[in-house]
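> As a plain string of letters, each chain reads:
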Amino acid sequence: MKHRRLAGGILVGTMAMALVACSSVDEAEPSDGASDDSSSAPVEDGAYVTVVKATGIGWFDRMEVGVDEWAAETGLDARQEGPAEATNEGQVSIIQDLIAQKPVAITVVPNDLAGLESVLAQAREAGIIVVSHEAVGIENVDIDIEAFENKAYGAQIMENLGECTGGTGQYVQMVGRLTNGSHSEWIQGAYDLQQAEFPDMVRVEDPIESEENEEVAYNKAKEILAKYPDIAGFQGSAGTDVVGIARAVEEAGKSDSVCVMGTSIPSVGGSYLESGAIDKIFFWDPALAGKAQLAIARILADGGTIEEGTDLGIPGYESLVKLAGADNAFAGNAGVAVDLSNVADYDF
Amino acid sequence: MTARLARLRGPNNEGLLLAVIVLVVIAMSLASPAFFTAGTFFALVRSSMVPLIFALGVLLVLISGGVDVSFPAIAIFAAYTTVTLFMDGSGGTALVIFAVAMLIGAGLGMLNGVVIARFRLPTLIVTLGTQGIFKGVLIAYIGSAYISAGDLPSAITEASDRHLVDVAGGGYLHFLIVPVVVIVLLVAAMLKWTVFGRSIYAIGGDTEAARRVGIRVVRTQVWLYMLVGALAAFGGVVYVILGKNANPQSLVGTELDIIAAVVLGGASIFGGRGSVGGTVLGVVLVQLINNNLVLVGIPSTWQRAAVGVLLLLGVSIQAFAATRGRSRPVAVQKEVAA
Amino acid sequence: MTVTATPVLEVRDIVKTYGGVHALDGVSLSLAPGEVHCLAGENGSGKSTLIKIISGVERADSGAITIDGTTHGHLTPNEAIRSGVQVIYQDFSLFPNLSAAENIAMLSELAERRVLSSRSRIRAAAQRVVDDLGLSLDLDAEVERLSVADRQLIAICRALVNDAKVLIMDEPTTALTYSEVQRLFVIVRRLQQRGVAIVFVSHKLDEVLAISQRLTVLRNGRVVESGDASGYTRRAVSKAMTGRDVSETRLVNDVAPDAPQLLEVEHLSRAGGFDDVSFALRAGEILGITGLLGSGRSEIAEAVFGINPADSGRILVQGKPRRIASIHDAVDAGIGYVPEDRLTQGLFLDIPIAENMVAASLDAYRTRFGLLDRRRIRRSIADLFGRLRIQAPNSSAVVRSLSGGNAQRVVLAKWLDRKPAILLLNGPTVGVDVGSKEEIVTILREQAAAGMGIVVISDDIPELVSCCHRILIIHDGHVVAELAGDDIDADEIQRRMAA
Chain A
1 MKHRRLAGGI LVGTMAMALV ACSSVDEAEP SDGASDDSSS APVEDGAYVT VVKATGIGWF
61 DRMEVGVDEW AAETGLDARQ EGPAEATNEG QVSIIQDLIA QKPVAITVVP NDLAGLESVL
121 AQAREAGIIV VSHEAVGIEN VDIDIEAFEN KAYGAQIMEN LGECTGGTGQ YVQMVGRLTN
181 GSHSEWIQGA YDLQQAEFPD MVRVEDPIES EENEEVAYNK AKEILAKYPD IAGFQGSAGT
241 DVVGIARAVE EAGKSDSVCV MGTSIPSVGG SYLESGAIDK IFFWDPALAG KAQLAIARIL
301 ADGGTIEEGT DLGIPGYESL VKLAGADNAF AGNAGVAVDL SNVADYDF
Chain B
1 MTARLARLRG PNNEGLLLAV IVLVVIAMSL ASPAFFTAGT FFALVRSSMV PLIFALGVLL
61 VLISGGVDVS FPAIAIFAAY TTVTLFMDGS GGTALVIFAV AMLIGAGLGM LNGVVIARFR
121 LPTLIVTLGT QGIFKGVLIA YIGSAYISAG DLPSAITEAS DRHLVDVAGG GYLHFLIVPV
181 VVIVLLVAAM LKWTVFGRSI YAIGGDTEAA RRVGIRVVRT QVWLYMLVGA LAAFGGVVYV
241 ILGKNANPQS LVGTELDIIA AVVLGGASIF GGRGSVGGTV LGVVLVQLIN NNLVLVGIPS
301 TWQRAAVGVL LLLGVSIQAF AATRGRSRPV AVQKEVAA
Chain C
1 MTVTATPVLE VRDIVKTYGG VHALDGVSLS LAPGEVHCLA GENGSGKSTL IKIISGVERA
61 DSGAITIDGT THGHLTPNEA IRSGVQVIYQ DFSLFPNLSA AENIAMLSEL AERRVLSSRS
121 RIRAAAQRVV DDLGLSLDLD AEVERLSVAD RQLIAICRAL VNDAKVLIMD EPTTALTYSE
181 VQRLFVIVRR LQQRGVAIVF VSHKLDEVLA ISQRLTVLRN GRVVESGDAS GYTRRAVSKA
241 MTGRDVSETR LVNDVAPDAP QLLEVEHLSR AGGFDDVSFA LRAGEILGIT GLLGSGRSEI
301 AEAVFGINPA DSGRILVQGK PRRIASIHDA VDAGIGYVPE DRLTQGLFLD IPIAENMVAA
361 SLDAYRTRFG LLDRRRIRRS IADLFGRLRI QAPNSSAVVR SLSGGNAQRV VLAKWLDRKP
421 AILLLNGPTV GVDVGSKEEI VTILREQAAA GMGIVVISDD IPELVSCCHR ILIIHDGHVV
481 AELAGDDIDA DEIQRRMAA
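Residue numbers (full-length UniProt numbering), protein chains in the order written: chain A, 1 to 348; chain B, 1 to 338; chain C, 1 to 499.
Extracted from the complex, chain A is given alone in its bound form (with noise of 0.2 Å):
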């Protein structure tokens, strides 16, 4: 009976779940949902639709900024969504609500590139463009746009670690997922500099997951420094995977000696850029990559065309480069390296 009982619980109560998702989703846009929605408004004037990897994050609360100031310079109705959780489940469930809305172009920041293959081929299917970033190799998009070739921007990174540590020592990588695209990228690119330029260093673990959670990244972090006192450098990928390792080097009395970098972002690395614990952060401005996505949307829903050089009238993104092994993928060159010199000049 109790066992029954039980089964049925979870049952209904997954439904109930179901449903305070759907709901949400709902209602984080409610005017201009609810207007759009109905069938009289014309196609051209419909909305323009970013899906992020999950709302309330410093990150993309930045990227709801860049769009939300492309739909006032455009005039266009753009908006920005999110699961409440960094799932594929969260992202596919969006997606398939927004397919029946018929926006004019989703643009995606993807969990997991497989994940979201079938539902972005629907909604493309469905007339709808399709955008993504951070994205590279997806098949089922129009375009994907980075800020930087992928392989080059972690090149970027170790050659500032390297240089860091002197060129010497051990270091290891940490990404948020091992699924993830652009972070096994950058610590691919990255790994490739120092296998070229600095032959002395060596990464002693294979990369590590912080299930882009920074108490995980904090715990990895410790048992590095236990199993490798010597330890000289640490690569984030995750916005919150230096502030953990931050913290864990911080503790252990060796923010002088270890070399912590990687990507983030000033209003969550900052106190450790300032402790000196975080050595250097790098990020490309997320309100841009935003407003990137959805000028190429737009170009696409006007008929041109993105080639190499395409210029999207946004800085870092004047001249786009045509990424290779994808022939949907461009890069801008768009990231910064940001330092305790010249953390104030980024308010996000």
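It is worth saying that the hints were derived from the structure and are not from the lab. Computed from a prediction, not measured in an experiment: that's the story for all the values here. Hints should not be assumed to be uniformly reliable.
Claimed, not checked - Pairs of lysine to any residue, SDA-like flavour, derived with a Cα cap of 25 Å:
1. A:K102 to A:A152
2. C:K165 to C:L133
3. A:K254 to B:D161
4. B:K192 to C:D140
5. B:K192 to C:L137
6. B:K192 to C:R128
7. B:K192 to C:L133
Guided by the hints, dock chains B and C onto chain A, whose structure is given.
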């Protein structure tokens, strides 16, 4: 002989669990020389603190015959809200921050308790619902921004760096271990030596029978969920202090891991059974495994699978040990129906 | 025994309606200290409602309850407990996860509004009651691990820990064996001497008449008989309860001398259960198997039905040796089994009667396309529903809503629908009232007359005597006697069981 073995195993297989922990420690020590050190021990203690506090709340609810999945949402709601209240430097010692957060937590817990006890609704469904509500309200009305170390109230950042024992280069024992241990002992004492604690076991054993002997079930449940809410809030503030940041996106999603650890510790998901001792061991075992896989050299790609397999194994052993010797009506009914 | 003291409990003109139906229609009852008062009545007569009102669980529409001189219009459970009214529920309402001592003392701890709980105080309080009653119980054991009889004793101890004045025992003997019942009666008499008034509710009329001084019979919410117990016979009480004459005489069909052997069990043994058991069953025969709880009587049935297969021995069905290693094997061999605890083992409680009836035999209703033949299923259900006289609004009511006797009939229907050659029934009338009992026995006789072989496992001796051709008596895993024909006698069986 068998009686002595049974005593060693403990009423909820605590002995068995302890043996497994010892085995894992031995295996890890053999696998890595860096494992058996004070640093590893302190790190284990530190990473167990928050899950342990949460686990105590889960334990109380499980004993009473329910399942609570809303505690991480309560924890981060209470902690984040309190942090934003004290962010503008308007004073507030660590003690005040804990007190305010726990009041908020108790309030949210009361909501759970009232809905569950008054309307006699299934706990899992109620707390699934409130989890979504708490998190939604937090993100929508209180804030969605990551608050980094520099912006936290000074009382919290100061607390972050207070260590009880500091071994140069060998890690530290955080001072919050003191209140955590006190709370663990208080909950254990409450379950053992108060009528309230025994009533929780009674309600979990048979709610109708509890009503019939004169236990005020509704009142007990409401108090229970308030207590669990306050515990969750305490854990949330500890989490913020240890992590030196307040991230409204964190914690929610960890509930099943905590529940698994408590069940591993011998609590029954059908209610009425469970001990603080077993829960402590369950949490320690999970953290021990979770936090030392890199150290003993398990490749990242395999780590999650390894944790999953170990959990499944542990919980199966517990479930098997718990059902062995009980009657078999369920199996028979299935077979007859087949 | 003469009872002249002022009543400790007096119930006057209680009326209670549920949705317009009178559950109790002006019921009065008075109880003197030290009196054992039997409350008899069939299911639905209003007994349970009356108990609920006296214990404060339900509120009467009108009428008054006077306990120890204080009159209550509306009684709450806590007031009832504080006034000294205790109920021992049929399901005991114990906490399976707590120790015996804690189960006993929980009530007084709560009543004294204590904050701290002390193991030694609890232990002492429990020990005091246990010693008082001269029992020996393992007070530190978890109730879940105790036998049904011990649980019953714990429920009694708990009721007494707070100096109960009125003790209501709802079907206290249902799960007890003969000797355990005798032990219970000793305790009841001891309580009586201490001035506790006891309301005794039971279906087993022999017991009722043996222990009670006074008797009240309810039928359809009214008191139909009330008086000194010594003035009643079994038959008279049955008649008062059912409103008709219930026959209890031994009535067995003749078995044709050439009736084929349906089941032969040879030297069946299972370690820890039973040893070297042999018996045979012919078509049209009803065989009784009896013995004390734990004698192995149920284990034998479970082995024949493949639930816990035997270690050694042979089972022949219709002359052919069959390997019965699982329930599936037994069903294939044409054996049906109605388990002991019908509520947990035999039925899906929240599913309609009709679906329960055909649940075990759906395979037989497949058309040649593999689909279910709905029309044939409906016909079977209608047929069984009528044949077994199930009292329910219709066959789509859920089983949980049925009384014990009707639920048992649904279990029977479920097995009869499979048309087994051999039907084993374990305690077919446990918890069933007199009228229903008789009807179930009648159904069994009809089935046997139609050629089915029936084995009834039971410790209800009058029931066995009334319908069995032969009776096996099991003691300590062995067949100690086989009685047939005129040798079948209730006292003889009783004597052999305890031997």
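> Each of the hints needs a verdict: does it hold here or not?
A quick look at each hint next to the structure:
no. : hint             : result
1   : A:K102 to A:A152 : violated (36 Å)
2   : C:K165 to C:L133 : holds (16 Å)
3   : A:K254 to B:D161 : holds (15 Å)
4   : B:K192 to C:D140 : holds (15 Å)
5   : B:K192 to C:L137 : holds (23 Å)
6   : B:K192 to C:R128 : holds (22 Å)
7   : B:K192 to C:L133 : violated (29 Å)
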